[in-house]
Amino acid sequence: MIGALLARRPRLANWIYGFTPPERGVVVLVHRRVYIVPARLGWMFGATLLLLLVGSINYAIALGFALTFLLAGLGLAGMVHTARNLARIAVSAGRAEPVFAGEAAQFRIYLDGRTAHDRPAILVRHVGSGVQMVVDVPAAGAAEVVLAVPAPRRGWLPLGRVMLETRFPLGLFRAWSYIEPDARCLVYPRPERTALPPQSAEAEAGGARSPTPGNDDFAGLRGYQPADSPRHVAWKAVARSDELLTKQFTGEAAAELWLDWRLLPTSDNLEQRLSILAGWVLAAERNGMRYGLRLPGVEIAPGRGDGHSGAALQALALYKIS
Amino acid sequence: MTAVPHPLSPAARAVGARDLAWLIGSLVLVVVPHALRAPWWLTALTLCLFAWRFWYALNRAPLPSRWLVMGVAAVGILGVWMEYRTLFGRGPGIILLVLFAGLKLLETRNHRDAALASFLGYFLIITNFLYTQSIPTAALMCAALFALTATLIGFSAPQRGIKANLRTSSLLLAHAAPAALVLFLLFPRVQGPLWGLPQDAYSGMTGLSESMAPGNLSSLAQSDSIAFRAEFQGDPPPHAQRYWRGPVLWDFDGRTWTMLPVRLKDFTEPKGGRRYRYDIVLEPHNRPWLFALERAASVPERARMTIDGQLLAPGAVRARLRYGVSSAVSPEPDEAEDTRLLSRALRLPAGASPRAAALAEEWRAAAKTDTEILARAIGFLRQGRYTYTLEPALLGVHAVDDFLFGTKEGFCEHFSSAFVFLMRAAGVPARVVTGYQGGELNLVDQIITVRQADAHAWAEVHLAGRGWVRVDPTAAAVPGRVEAGLARAMPQSQALPLMMRERLEWLKGARDRWEALAHQWNVWVLGYNPERQRDLMSLIGMRDADWRSLTATLFTVLGAMTLALLAWSLGRLARPDPVQRAWRAFCRKLAAHGIERAHNEGPRDYASRAARALPASRRAILRIGSQYIRLRYGVHASRPGVARLRRMVRELRVT
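Chains as they are written, first to last, in our numbering: chain U, 24 to 345; chain P, 622 to 1276.
One should not assume that every hint holds.
[Said to hold, decoys possible] These stretches of chain U come out as covered by chain P in the derived footprint (C-beta under 8 angstroms, 3 or more residues):
id: 1; segment: 103-114
id: 2; segment: 282-294
[Unchecked claim] A few chain P residues that face chain U, going by a derived Cβ cut-off under 10 angstroms, partial list only:
id: 3; residue: Pro628
id: 4; residue: Arg711
id: 5; residue: Cys763
id: 6; residue: Leu773
id: 7; residue: Ile783
id: 8; residue: Ala785
id: 9; residue: Pro799
id: 10; residue: Leu802
id: 11; residue: Gly945
id: 12; residue: Ala1173
id: 13; residue: Leu1187
id: 14; residue: Ser1238
id: 15; residue: Arg1240
The hints are simulated quantities; they were obtained by calculation from the structure and are not laboratory data.
All residues carry an ideal CB built from backbone N, CA and C; glycine is no exception.
Based on the sequences and whatever the hints tell you, model everything.
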């Protein structure tokens, strides 16, 4: 209920959580952002203390009083230490590599202790998905957590709110804090495996310019260029000479391939079409083709290589998403 | 939102062999002192349960079924019942708790169960204090507390090194100590008990009893335990004058002497005599009487005096009690005694010990005054070649006859009993007084320690014009007893309490020091009660401290201390290391000239941007940047390197 209320009143949520998302750069958890309540064990500890106190009064045991009060002090010190285990920890989020929809985005989170003492047993939990991990931050060092957050839809996936929690050292108290680092992951459309489209009209028209590089027949070797697929590197030739050489192919299919939105059946909806296009990009890249992408309002000139496919997939991922 | 178990929840984390070993080790520390008191089979059973559980942990075997555990519990409870014939009360209750600690381990699967077992361990600590609160027990329990805390920390961080956990445990306890001290001093103390205590709550307290039969005192005299300590203002009286008066016995049935029903009188101060003022710290003995040197010249607060000169507390002394009192040694004679009481001091059972009675009548016939009879009786004992022994031969029906004319060996109870019998038979009113004689002066703190071994019985006779006069028949028969104490009066072959033997002088010195320490412990730690709390509060200016003002003070101080601890720990966290501080100063200097570091800007980028913007200081800025990177991200930060960075930042002049 409170969660729903906070979702509707973001400013109230920001006030309560003590920050305005998203937070850029390194976030230091000032103590105002660390909340602390007794854990269930803490209540049981309190009940034990009460029993000890009553016993000490009843039997007038001086050392019983001393024990009770020492344990009470221990509880207080435990509370401070639990808060301290989290307070002023520096949290930052690293880069997340793009993934396809349906996979899990690997968000990296760095916890920098920045203190001479270690901070054991810190739970990092992604609030939205419940993905969680327990990590020990070493003394004067940092720990890395990888949160595999499910990415169901294409587009930008923001990391969202992350909770840090600890019960160290005594388990009597539970301290936690929320952060919302400015981290996001690009999610490509889920690729669908279908046959590549036939060569486009332009490719046929340009057939006179052949031979165009394709990947059907071996045509010879040329010097390696950074955009070349490693699959086409002539590794045997490399073994003979130290020079990197790329195998060149020619073929009827070696024409430029246009992956065009208009080639798709109009009966499919937007997401299905994008999925098919993403599958084509992967297939074309796998086959070493030069390919271009045409979406309504977007055109990517033919090319090849990881950078090219990345650009094409990003265009598909962000299509019609502001 | 998620069905995944919470990884920090103790219920979701299985307990490992290491944590279990620590838990078992700390529990063993806690129950070790109980092993001395518990029946041996229970100690063995508990240890077996611990070992059994540990075996399961080592073999990663599933724990025994609930039915098996309940069966073991039933056997244990039955055993306790057969041992004590009850399951309630202090002794059996504690034994059952120890047993439950073992059983709890057998169903300890996760960290929650294990944490509850450590809480049980904390609780078991206090059960030791029901028996003894001595310094060694306290030290052992401190060790147990430390181990239990380290165990709890281990549950929160199972993968952390044990050394680090021990360090955290000491740090936590060090932080807890000031709060504990404040609570100990300021927590409003209530005089217990809150409800009725079990019957056996005070068993095991030793001391003089309401009656005296042959064998009572000599068994008490073999105990080394302390009866009370006396702290004199000025010099204490010499050993031979230190008669600490206890119960006065009037009625004799031929074998046992018993007290009168309690009758109080208004206290009248004795005149003359040498005065002594002193404080007594009385060990609990579960009887109402208080001890004071004969004769008491004041009555302690809330105490009263009986017609035969005993001091009585309002109730049985069940906690260590401190009271101030003064005495007059050899004061002027008392005024006349009630004749009804005097006739009671002449009563004898008919037909008991006829030989002694006949001897007394002979003296009566031959003597003119009571004083003369007294002298004859003392002479008779002195010349009778009586032996003083802790292990006298058993006496028959006519106990006085058997002792005087038969065995001729006895302890002070035999001498006083026979002497009072003779006096009464001769028509002189007499009564038996029990108490303690002597006591040992501790050279370290000048405190006189009186032990149960100093228990003594003497006599009082009523002489016309002189009132009640103390006569010590033991001293007459065996002069050494009162002059020098029990040890010199005994033949060497007799087994005395270890500490009363003569040759262990060096041991005695060590014991004196130890007991001086124990006395301070008793007075300041164990003796801190509602009265002392009031005294302390008035000392710091809080007069008439009631629970409200105490609670208010307590919470104020405690809150301030928690805040201080919080500020300390957060302050330490907030304080950046010197490298970081120098870097921040550098950033501030540049920011004053409009070059602010962006959140996501690394030191290299920032330094080169600043160098471009401020070409005049280009070199200095770049050097600071690279020095900072070397120190912050390099393999090791050297002290001179840090100093250089600070100097460079300080000397940077941005123009």
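Hint by hint, here is what the structure shows:
no.: 1; hint: 103-114; in the structure: holds (count 6)
no.: 2; hint: 282-294; in the structure: violated (count 0)
no.: 3; hint: Pro628; in the structure: 5 angstroms, holds
no.: 4; hint: Arg711; in the structure: 9 angstroms, holds
no.: 5; hint: Cys763; in the structure: 9 angstroms, holds
no.: 6; hint: Leu773; in the structure: 5 angstroms, holds
no.: 7; hint: Ile783; in the structure: 13 angstroms, violated
no.: 8; hint: Ala785; in the structure: 7 angstroms, holds
no.: 9; hint: Pro799; in the structure: 7 angstroms, holds
no.: 10; hint: Leu802; in the structure: 8 angstroms, holds
no.: 11; hint: Gly945; in the structure: 21 angstroms, violated
no.: 12; hint: Ala1173; in the structure: 17 angstroms, violated
no.: 13; hint: Leu1187; in the structure: 5 angstroms, holds
no.: 14; hint: Ser1238; in the structure: 26 angstroms, violated
no.: 15; hint: Arg1240; in the structure: 28 angstroms, violated
Against the hints set out earlier in the document, violations occur for numbers 2, 7, 11, 12, 14 and 15.
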